[in-house]
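Trainee: Here the protein sequences come in this chain order: Y and X. Heads up: the first sequence begins at 13 in this note's numbering, then just goes up one per residue. Heads up: the second sequence begins at 521 in this note's numbering, then just goes up one per residue.
Quick caveat, the hints were computed from the structure, so don't treat them as lab data. Don't take each hint at face value.
[What the hints assert, rightly or not] Dumping the calculated DMTMM-like pairs for lysine to aspartate or glutamate here, alpha-carbon to alpha-carbon at most 25 Å: (1) Lys620(X) <-> Asp130(Y); (2) Lys659(X) <-> Asp130(Y); (3) Lys620(X) <-> Glu69(Y).
Here is what each chain is made of, one letter per residue.
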Amino acid sequence: MRAGIPAFAKPARHGFTLMEVSAGLAILLMVSGSLIVMVQQHLTFMELSRRQAFLAEEAPKIGSILARMFQQADHYFIYENLAQARGGGTPVLTGGTAVRLFFKTAAQTVQERFITADTAGGRTSLRFHTPRADGSLSSWPICQGLQAAAFRADEGLLSALLTGPNGEEVAYCGGGR
Amino acid sequence: MKTGALRACQICVRRGSLLLEASVALGLVTALALLLMRGSLLAITGNQWAVMQTLTDACLSREAALAARLPFEDISADTSLWPVSAGTDSIAPQPVELGKMAGGRPVAGSLRRFRTAEPVTTADTGLAVWRLHSVLTYKIGEDDYVKTRSILRTR
Numbered sequence: 013m014r015a016g017i018p019a020f021a022k023p024a025r026h027g028f029t030l031m032e033v034s035a036g037l038a039i040l041l042m043v044s045g046s047l048i049v050m051v052q053q054h055l056t057f058m059e060l061s062r063r064q065a066f067l068a069e070e071a072p073k074i075g076s077i078l079a080r081m082f083q084q085a086d087h088y089f090i091y092e093n094l095a096q097a098r099g100g101g102t103p104v105l106t107g108g109t110a111v112r113l114f115f116k117t118a119a120q121t122v123q124e125r126f127i128t129a130d131t132a133g134g135r136t137s138l139r140f141h142t143p144r145a146d147g148s149l150s151s152w153p154i155c156q157g158l159q160a161a162a163f164r165a166d167e168g169l170l171s172a173l174l175t176g177p178n179g180e181e182v183a184y185c186g187g188g189r
Numbered sequence: 521m522k523t524g525a526l527r528a529c530q531i532c533v534r535r536g537s538l539l540l541e542a543s544v545a546l547g548l549v550t551a552l553a554l555l556l557m558r559g560s561l562l563a564i565t566g567n568q569w570a571v572m573q574t575l576t577d578a579c580l581s582r583e584a585a586l587a588a589r590l591p592f593e594d595i596s597a598d599t600s601l602w603p604v605s606a607g608t609d610s611i612a613p614q615p616v617e618l619g620k621m622a623g624g625r626p627v628a629g630s631l632r633r634f635r636t637a638e639p640v641t642t643a644d645t646g647l648a649v650w651r652l653h654s655v656l657t658y659k660i661g662e663d664d665y666v667k668t669r670s671i672l673r674t675r
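Extracted from the complex, chain Y is given alone in its bound form (with noise of 0.2 Å):
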């Protein structure tokens, strides 16, 4: 105990003066405003990398496939929708949403397949069917979640123009042999 001070005393505390507290709570501020925007600009590059995922990540796979397909087809037809393209319908050039593959087999028979475009709920989904022998199609989806997609052979090409979700568009064209 030192002299003059009495023992029932505390000790003297030392606070944070106003300044103090003034200086940590901006820098607390700028650390936290950092983190906000390091945040925001994450997400922001998130959603731009979301939105080129058609493009750069589906299209491919579905060229791939349609490439195939197109390339190995003896000849083709267009119409305007599945029923017209089973039923033998009047082939179109353009617009159409149907497409009818004849593909030559080893024993030189001829196979039918079709590609549908398929909109349902604002959505557009690629199907290719295959006929079974009892006048019944079955089908697996080639893509789904498209805004449109249209198949033309105007300029003597077999052409799907697919209109992405985020409005991207890419043309895969082939043909007859």
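Position chain X relative to chain Y; hints supplied.
Mentor: Relative to the frame of chain Y, chain X by itself:
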């Protein structure tokens, strides 16, 4: 007297450490921000490259299909889409739309077409052989890139 000087020095150290801690925190945040931005930019740049490959491949699928389907008489005609040339320099490039990016923004490139005669070693066969070249030039950022397709046609 000594006790008072020691206490003042302790307060100085405490105030100085606040500034040091704040600087370290801000430095760390800045470094983290730069790292995140670099990662995001790399991801976007990679996507941009993939997108351009998709569009140019699709454009060249049309070139390959057209070159394979064109009647042979049209190939060798004066008004051929693939004129005779020794190289790409003498052929004027024509603008071509490769497709559209997200949001509907069109992407442009330039296309040169020309054909070259392929040598036929056995002249008595009467073969005419042309190779049809399509040379597509496109930009990614500030750099120019070239992609080609060639189709061999024989009669």
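Trainee: Each hint: holds or not?
Mentor: To see whether the hints hold, each was checked on the structure:
1. Lys620(X) <-> Asp130(Y): holds, 22 Å
2. Lys659(X) <-> Asp130(Y): The hint is violated at about 35 Å.
3. Lys620(X) <-> Glu69(Y): holds, 15 Å
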